[in-house]
Amino acid sequence: MILIISNKKDQTTVEVIKWLYRMNKQFIRVHEDEVFEIKTESKKVFLESQRNTLFLDDIKSVWYRRGGIRFKHFRYENDSIDEHMYEIQHWLQDYVLKTLESKKHINKQSNSQINKLWVLEKAIQAGLDVPEYFLAENTDEVIVNKTIVKPIAGSSVLETLKKDSYGMMYTSIVEKPEKDSFFISFFQKKIEKDFEIRTFYLNGKTWSMAIFSQNDEQTKVDFRKYNDENPNRNVRYKLPKNIEEKVHILMQTLDLNCGSLDFMKSGNKYYFLEINPVGQFGNVSADCNYFLEREIALQL
Amino acid sequence: MRNNFKEKHKLPLTFQYIEMIKNKSNKKKNSNTVFYTKCTKYETDFYAIEKPIKPLVRML
Chain A
1 MILIISNKKD QTTVEVIKWL YRMNKQFIRV HEDEVFEIKT ESKKVFLESQ
51 RNTLFLDDIK SVWYRRGGIR FKHFRYENDS IDEHMYEIQH WLQDYVLKTL
101 ESKKHINKQS NSQINKLWVL EKAIQAGLDV PEYFLAENTD EVIVNKTIVK
151 PIAGSSVLET LKKDSYGMMY TSIVEKPEKD SFFISFFQKK IEKDFEIRTF
201 YLNGKTWSMA IFSQNDEQTK VDFRKYNDEN PNRNVRYKLP KNIEEKVHIL
251 MQTLDLNCGS LDFMKSGNKY YFLEINPVGQ FGNVSADCNY FLEREIALQL
Chain B
301 MRNNFKEKHK LPLTFQYIEM IKNKSNKKKN SNTVFYTKCT KYETDFYAIE
351 KPIKPLVRML
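Which chain is which? The protein sequence lines are A and B, in order. Read in order, the letters of the first sequence are residues 1 to 300 in my numbering. Read in order, the letters of the second sequence are residues 301 to 360 in my numbering.
Take the hints with a grain of salt, since some may be wrong.
[Said to hold, decoys possible] Listed next, with one range per pair, are the computed distances between beta-carbon atoms: (1) E245/A - K306/B: 46 to 54 Å; (2) I321/B - D33/A: 24 to 32 Å; (3) K306/B - I124/A: 34 to 42 Å; (4) K179/A - F335/B: 46 to 54 Å; (5) H309/B - L56/A: 39 to 47 Å; (6) F335/B - I124/A: 43 to 51 Å.
Hints were generated in silico from the structure; no laboratory data involved. No experiment lies behind these values; they were computed from the predicted model shown. Backbone N, C-alpha and C fix where the C-beta goes; we use that ideal spot for every residue, glycine too.
Produce the complete structure using the sequences and hints provided.
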């Protein structure tokens, strides 16, 4: 039995499930709004939620896509009992998660969120080129129009920022110096790119796509500012062997066996930008005919 | 940096460059608009109803 931990809305999960049906592989899909209680029967541990029951022993492989397994947590009146019971419940939950992660898996709940700053340091150590970057609270050291600013956070969407609209933090060029100081922000040297590369990594293998975003003013700085009228040209791409090896070293260092990596090609250099372990790869799969969903289903 | 969000504490410079995007209405605009339906087979309430993608290899 395959355990899929995902979000209700994730379309990629559906595409992988289609392949699982094709391969006659059985699966259980867990959603972000399920709350599990840890129970036992005949000396075996099982999890029970509103819509799923699963014995830990029956799970042969796990795909952590998004969301996460959440547990029901009982509270007790007496402070001392509550503290004691908190610890017991914590270790039981820890045991369940550790057991699931010890099985054959694609990504893990425990390291699905990664620190962008830490990743950049590890990327440099792995030998990848990274555009010069720094953290600052003012623009004193920032070269205007030659520096970009982007969030340190994994998500760049602020969903309920206003009643009728949401906020999107794209990578932006710093256009003017700021008089006042601000909260620590991430600055990076702007690179004049030839094109961008989106790479999908799975257990030592990579599949890449070149995104020709530099000829369109709208997508020039951040290709996610999609131009629906005239979309960027996306084609299959093969990273040089030495870059692929460095990617593999980086992913191993970060204990990730799956993820999407962003690069920029400039001259003969490949600049590494970031990794998203739970990133979208549907476009890489469809545009380049890679059938990545099939690769995932095969490895589960 | 001018704090446009009425927050007491400072915000990163990324807020200066934030883009506000209007939430889309549910009105169907054209045949490419994606809608969702409940689907037990794939265990989701958000199965996308859309024109199927035809990979190149299917046309060969």
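Range agreement (Cβ of L56/A with Cβ of H309/B, hint 39 to 47 Å): Once the Cβ atoms are compared, 44 Å apart, the range 39 to 47 Å for L56/A and H309/B holds.
Outcome of range test on Cβ distance (K179/A, F335/B; 46 to 54 Å): holds, 48 Å
Outcome for the supplied range 43 to 51 Å, where the beta carbon pair is F335/B and I124/A: holds, 45 Å
I124/A and K306/B - C-beta distance against the hinted 34 to 42 Å: This hint holds: roughly 39 Å between Cβ atoms.
Outcome for the supplied range 46 to 54 Å, where the beta carbon pair is E245/A and K306/B: Holds - the Cβ-Cβ distance for E245/A and K306/B, about 50 Å, lies within 46 to 54 Å.
Hint check for D33/A and I321/B - Cβ pair distance inside 24 to 32 Å: Since I321/B and D33/A have Cβ atoms about 25 Å apart, the given range 24 to 32 Å holds.
Checked against the numbered hints listed earlier, the structure breaks none of them; every hint is satisfied.
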